[in-house]
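Start from the sequences, fold in the hints, and give me the full structure.
If you read the sequences in order, they're chains V and Y. Per this note's numbering, residue 1 is the first one in the first sequence, and the count goes up by one each step. Per this note's numbering, residue 1 is the first one in the second sequence, and the count goes up by one each step.
Please keep in mind that the hints were generated in silico from the structure rather than gathered at the bench. Among the hints, erroneous ones may be present.
With a Cα cut of at most 30 Å, we get these calculated DSSO-like pairs of lysine-lysine [what the hints assert, rightly or not]:
1) 247/Y <-> 75/V
2) 75/V <-> 72/Y
3) 250/V <-> 91/Y
4) 164/Y <-> 75/V
5) 134/Y <-> 247/Y
6) 21/Y <-> 242/V
7) 75/V <-> 24/V
Calculated Cβ distances over 10 Å to all of chain V for the following chain Y residues [to be verified]:
8) 24
9) 86
10) 103
11) 250
12) 322
13) 327
14) 341
15) 343
Since this is a predicted model, take the numbers as computed values, not measurements. By construction, the Cβ of each residue, glycine as well, lies at the ideal position given by its N, Cα and C atoms.
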Amino acid sequence: MHKLSVSSLALGPNGLNIAQSFFKPIHGASPQPHTTRTTKISVIGVGNVGMAIAQTILTQDLADEIALVDVNHDKLRGEMLDLQHAAAFLPRTTISASVDYSSTVDSDLVIVTAGARQLPGESRLNLLQRNVSLFSKIIPPLSAGSPEAVMLIVSNPVDVLTYVAWKLSGLPANRVIGSGTNLDSSRFRFLIADHLDVNAHDVQAYIMGEHGDSSVALWSSISVGGVPILSFLDRQQIAYEKQTLERIHKEVVQGAYEVIGLKGYTSWAIGYSVANLARTILRDQRKVHPVSVLAKGFYGIDGGEVFLSLPTQLGRNGVMGVTSLHLTEEESQQLQKSAITILEVQSQLGI
Amino acid sequence: KTSSSSALGPDGLNIAQSFFKPIHNTTPPPPTTRNTKISVVGVGNVGMAIAQTILTQSLADELALVDVNPDKLRGEMLDLQHAAAFLPRTKISASVDFSSTVGSDLVIVTAGARQIVGESRLNLLQRNVSLFRKVVPPLAAASPECVLMVVSNPVDVLTYVAWKLSGFPSNRVVGSGTNLDSSRFRFLIADHLDLNAQDVQAYIVGEHGDSSVALWSSISVGGVPILSFLERQQIAYEKQTLEKIHKEVVEGAYEVIRLKGYTSWAIGYSAASLARAILRDQRSIHPVSVLAKGFYGIDGGEPFLSLPAQLGRSGVLGVTNVHLTEEEANKLRESAKTILELQTQLGI
Chain V
1 MHKLSVSSLA LGPNGLNIAQ SFFKPIHGAS PQPHTTRTTK ISVIGVGNVG MAIAQTILTQ
61 DLADEIALVD VNHDKLRGEM LDLQHAAAFL PRTTISASVD YSSTVDSDLV IVTAGARQLP
121 GESRLNLLQR NVSLFSKIIP PLSAGSPEAV MLIVSNPVDV LTYVAWKLSG LPANRVIGSG
181 TNLDSSRFRF LIADHLDVNA HDVQAYIMGE HGDSSVALWS SISVGGVPIL SFLDRQQIAY
241 EKQTLERIHK EVVQGAYEVI GLKGYTSWAI GYSVANLART ILRDQRKVHP VSVLAKGFYG
301 IDGGEVFLSL PTQLGRNGVM GVTSLHLTEE ESQQLQKSAI TILEVQSQLG I
Chain Y
1 KTSSSSALGP DGLNIAQSFF KPIHNTTPPP PTTRNTKISV VGVGNVGMAI AQTILTQSLA
61 DELALVDVNP DKLRGEMLDL QHAAAFLPRT KISASVDFSS TVGSDLVIVT AGARQIVGES
121 RLNLLQRNVS LFRKVVPPLA AASPECVLMV VSNPVDVLTY VAWKLSGFPS NRVVGSGTNL
181 DSSRFRFLIA DHLDLNAQDV QAYIVGEHGD SSVALWSSIS VGGVPILSFL ERQQIAYEKQ
241 TLEKIHKEVV EGAYEVIRLK GYTSWAIGYS AASLARAILR DQRSIHPVSV LAKGFYGIDG
301 GEPFLSLPAQ LGRSGVLGVT NVHLTEEEAN KLRESAKTIL ELQTQLGI
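So this is what it looks like as structure tokens:
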């Protein structure tokens, strides 16, 4: 087995070399067939988001191999070592790292978190163009090294960048997904669950559309323990104003900005969110998640090849299909507006 | 109950009151039912790596965070709470005072000043002792039956300080010690042998620092004691080589700090592993910083340093009677002296 890095200088051919005589093979053994595969995940970008994702994946034992990639050699090696040093506390996972894409070859899942941060006063379009340049360096070697991988984009603005990654990778649309509103929906479910003092898993609620200001909260499909919320309110004759619902949705959208304002960035929640998607994909769980997918043809979205979040069934081959939720007229219009917002930005990129 | 949402509640949409209907003849929970609660003091890189690993591994029902910086604290609390849909339900709270820590089963202290460039170790220590005087007594008062785990460095002396300031019996005050150093040691050996690190039994004991002691005479891999294996195979080795390997372990932390600025993930897993052993009464052996008085000829004073200790629900159950060579025992006593020298200058 080719080892990419030597962990110890003092243990090995130049020091204490006990490896050769330690284990004796049995008679008649044959080498490992090449059809046996271990599960491999690569994470591109070892910033706060990338490392929260990598560490959560490691703790949840989702992969046999984890590869890390970043431009900063020292930071990359430091993060790799910090994970390797925990070997005594975890099931064995091979952790490798490279500044090029050599360590990512043959991944089952590739998670891209690399991206420029917005400079003060920088326009969103400018930021986006810088990230597109970055992606044209990152995506082609990734897909060349792992042509059968599922590619999961986390970098923001995630919807447009997932489209860009799809175009640059040459991968089929079912294997290029954006983390989208998976986390927004978790924040939404947390707020409702906390109010009702119920487990968030019992709250079914989707936020769809753009991962951003024009996201759409599907109030008509929220249900708690099987009770659809809006019809519950009607039956109980609890009056509510549309503004109140919009306020709740706004709190969800603000949630990320609030955390960034307080601690400087977000990391843990997106780490759990992406690890959750990784599990569904790699273990073929066939669960429905709100993630950014090629939305053309759904819910009246026909104007172009736009990626945005829809409730999507995910499995080992990536996107299995999009569910057919009943949207109210208003929700449908909001979703189409969200699509137009994204398409406008996409068209300025010239991809 | 402080609400997470202002728009969901009495001032907005209030569906809580009518959502669930209780069944007939219920009674409230008896006061003896308890949830498992862990408090983490200090939400820097180390504290948060510990808190997040504990959360992912589902080790507690309640997690409380404490720090002096209210914004950073609230931000970290929210960042964990937002993951609610992906985790079993865990109540996460936070406070700048110690109110959120009341009734903890385990309190993990990571708070501590960082060494300023050119600062002497003693000076750093004295600053941390001042910090501990403010932090440890209220923690102990809020959770008088908890196990107190110290991670802040220099961990051995600070565990002693925490023990004195808390008034707790010595079995309930433990330092993370060389638990992580031993993991690094086991990783290096396992990686060389292309083996699972859990099959490598190897302890580094003594000071969590430069005077730590690698117990080569008790390293065994899959039941094979290493040193006698080397002799049987007639593989020659020099003492220097063993010392080089040990040095790589000690350097390990400094290397990570140099490369990424700090360490976090490994100490997170290390502390969570100790938390599990304690809270689930695992009775497993870990090299952690304990009151070493009376062991291996350590009789002068009350030093805390790492020894292979059996951990369970009541904290330290005992220290294993591992055989040390004369040299290893000497080195351990040297380590104890180093720690005691520092301790005596503190005047606690």
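Structure-based check of each hint:
1. 247/Y <-> 75/V: 22 Å, holds
2. 75/V <-> 72/Y: Given pair residue 75/V, residue 72/Y holds - Cα atoms ~23 Å apart, limit 30 Å.
3. 250/V <-> 91/Y: This hinted pair holds, its Cα atoms lying about 24 Å apart.
4. 164/Y <-> 75/V: Status violated; Cα separation ~39 Å.
5. 134/Y <-> 247/Y: Roughly 36 Å separates the two Cα atoms, so the pair is violated.
6. 21/Y <-> 242/V: Status holds; Cα separation ~26 Å.
7. 75/V <-> 24/V: Outside the cut-off at roughly 38 Å; violated.
8. 24: Residue 24/Y clear of chain V: closest Cβ-Cβ about 20 Å, beyond 10 Å.
9. 86: Given that some Cβ of chain V is not farther than 10 Å from that of residue 86/Y, nearest at about 4 Å, it is violated.
10. 103: The claim holds: residue 103/Y sits with its nearest Cβ about 19 Å from chain V, beyond 10 Å.
11. 250: Holds, because the least Cβ-Cβ distance between residue 250/Y and chain V comes to about 12 Å, which exceeds 10 Å.
12. 322: The assertion about residue 322/Y holds, with a minimum of 17 Å to chain V.
13. 327: 18 Å, holds
14. 341: At roughly 29 Å from the nearest Cβ of chain V, residue 341/Y sits farther out than 10 Å, so the non-interface label holds.
15. 343: 28 Å, holds
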